[in-house]
Amino acid sequence: MFERDEKLDRGVELLKEPVHLDPGFDRRVMAEIASAPRPRAWVRPIWAGIEWMRRGRPVTVSPLGGLAMAAGVAAVLLLGRSWLAPGETAPATATTAAPGSVVQFVIVAPAASTVSLVGDFNDWMNGATPMERVAGNGVWSVTVPLEPGRYRYAYLVDGTTWLSDPSAPPALDDEFGRPGSVVTIGEL
Amino acid sequence: MRTKRRLALLAVLVGLSGIGAAGSAQAQEARLEGRVPEPARGEIDAVLAAARDAGIPTEPLVDRALEGASKGADGQRIVAAVRRLDLELRSSRDALGLQSTDAEVVAGASALRAGAQPGDLTELRKSRGEQPLTVAAAVLADLVAVGVPVDTAVAAVLALAEGVDDTEYIAFRQNVERDIALGASPVSALGVRLDAAAEFAAGDQADRSPPQRPRKP
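Keeping their order, the protein sequence lines are chains U and V. Under the working numbering, the residue at position 59 of the first sequence is numbered 59, and the numbers go up by one with no gaps. Under the working numbering, the residue at position 155 of the second sequence is numbered 155, and the numbers go up by one with no gaps.
Incorrect hints may have been included.
[Said to hold, decoys possible] From the structure, some residues in chain U lie toward chain V, with a derived Cβ separation under 8 Å:
#1 Trp124
#2 Leu163
#3 Phe176
[Stated by the list, open to error] Residues from chain U that face chain V, not an exhaustive set, calculated with beta carbons under 10 Å:
#4 Glu6
#5 Val102
#6 Thr114
#7 Phe121
#8 Asp123
#9 Thr129
#10 Pro130
#11 Glu132
#12 Ala135
#13 Val144
#14 Pro145
#15 Ala168
#16 Gly177
#17 Val182
#18 Glu187
Derived by calculation from the structure, the hints in this document are not laboratory data. Idealized CB from N, CA, C, for every residue including glycine.
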């Protein structure tokens with residue numbers, strides 16, 4: 001079990017507070033966007049560069065690179081103390097990869113003893129793809145090679161608790177009463 | 001002589017029935033054994049056999065059955081889910097055409113599950129030309145899953161169909177999801193990102209057009 005501390009509790013309370021947006025928020029943002037000056041011709045390459053940097057992209061990682069990244073995340077969490085209360089689960093990350101590459105799945109589940117990745121790619125077999133605890137702070141990771149296609153999956157914590165991946169699109173209209181997510185691998 | 005012929009005919013019939021029995025035994029999906037209870041397993045095998053004959057990908061049907069089994073659903077619930085997916089896969093394949101890959105048919109079925117019409121998939125096929133449809137159809141389903149109304153999602157995916165590649169489709173979806181997570185309404189987020197994509201594409205087009213020759217005075 002984890003010891004509770006004051007900083008951790010403050011963080012949890014802060015996250016629980018609802019965020020209030022006034023009803024005119026959307027309208028003001030849209031008006032602001034509409035009134036923004038259009039970039040001149042010589043600005044376009046710079047603007048395109050900024051757009052390129054801002055745009056989200058699928059990331060292809062090698063298994064080794066993926067583990068190194070996960071270890072980096074774990075190190076940050078270790079240094080700064082997690083804002084998660086024991087038993088809470090943070091959003092997991094699944095990266096979309098090019099065909100024939102490896103997709104990394106990461107989840108933060110501090111209180112879990114075991115975490116399994118189950119999905120279309122392993123016949124939904126509990127234990128077929130166990131996730132490894134990367135560090136002592138509840139970060140679990142596994143990499144899976146996937147061919148082009150659309151896959152449904154979920155995380156199974158301690159063999160009993162089903163979790164979807166908060167960072168991935170949810171599986172629509174789940175027919176079996178348990179949460180799930182989807183990942184799509186494009187074709188070249 | 002006649003008795004010999006009758007015996008030979010009987011032997012052939014027995015042999016043929018044996019081959020038939022062996023064939024039907026082979027048609028059973030081994031991965032369902034011990035995971036999906038009878039009689040559900042037999043019903044799913046029948047769905048799989050019919051799908052195989054019709055050229056429908058059977059792997060997603062097996063996956064759906066295994067998902068149900070893994071999640072503890074009862075047999076009839078699993079059969080209903082497999083049958084429903086079978087219909088969606090058939091509809092998707094019909095809408096996308098016989099040349100579609102299995103991945104495209106599966107993604108198309110997801111779009112249909114999200115509420116798109118078969119005609120939307122046909123339109124998407126036409127707009128995308130030779131480009132694969134897997135990601136485009138999947139993005140449509142994903143946008144609906146995060147709260148974008150289906151008609152709006154269909155219009156957005158079709159609007160982007162001619163000008164963007166798969167990577168840009170994924171980036172578009174991620175940007176919309178990010179905006180929604182930050183508090184924007186799904187429709188607003190989609191509109192803003194669609195405008196940005198259109199403006200960016202227009203800029204690209206302008207940059208590619210040949211410079212105009214200066215007029216003589």
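Hint check results:
With a cut of 8 Å, the hint placing Trp124(U) at the interface with chain V holds, because the nearest CB-to-CB distance is about 4 Å. Checking Leu163(U) against chain V by beta carbon gives a least distance of about 13 Å; that is not within 8 Å, so the hint is violated. Of the supplied interface hints, the one on Phe176(U) holds, with its beta-carbon coming within about 4 Å of a beta-carbon of chain V, less than 8 Å. At its closest, the beta carbon of Glu6(U) sits 29 Å from a beta carbon of chain V; the interface hint therefore is violated under the 10 Å criterion.
At its closest, the beta carbon of Val102(U) sits 17 Å from a beta carbon of chain V; the interface hint therefore is violated under the 10 Å criterion. Nearest Cβ of chain V to the Cβ of Thr114(U): about 16 Å, over the 10 Å cut. The hint is violated. Evaluation of the Phe121(U) hint against chain V yields a held restraint, the C-beta minimum of about 9 Å falling below 10 Å. Because the beta carbon of Asp123(U) sits about 5 Å from the nearest beta carbon in chain V, less than 10 Å, this interface hint is met.
A hinted interface residue such as Thr129(U) counts as satisfied when its beta carbon comes closer than 10 Å to some beta carbon of chain V; here the least separation is about 12 Å, so the hint is violated. This hint is violated: Pro130(U) has a C-beta 15 Å from the nearest C-beta of chain V, more than the 10 Å allowed. For Glu132(U), the interface hint is violated, since its Cβ never comes within 10 Å of a Cβ in chain V; the closest pair sits about 21 Å apart. Using the Cβ-Cβ criterion of 10 Å, the hint placing Ala135(U) at the interface with chain V is not satisfied: the shortest such distance is roughly 26 Å.
For Val144(U), the suggested interface contact is broken, since its CB lies about 15 Å from the closest CB of chain V, more than 10 Å. With its C-beta approaching chain V no nearer than about 15 Å, Pro145(U) sits outside the 10 Å limit, and its interface hint is violated. Taking 10 Å as the C-beta contact cut-off toward chain V, the hint placing Ala168(U) at the interface holds, the least distance being around 9 Å. Because the closest C-beta pair between Gly177(U) and chain V is about 7 Å apart, less than 10 Å, the hint holds.
The closest approach between the C-beta of Val182(U) and any C-beta of chain V is roughly 7 Å, which is under the 10 Å cut-off, so the hint is satisfied. Taking 10 Å as the C-beta contact cut-off toward chain V, the hint placing Glu187(U) at the interface holds, the least distance being around 4 Å.
In this structure, the hints that do not hold are numbers 2, 4, 5, 6, 9, 10, 11, 12, 13 and 14, in rising order.
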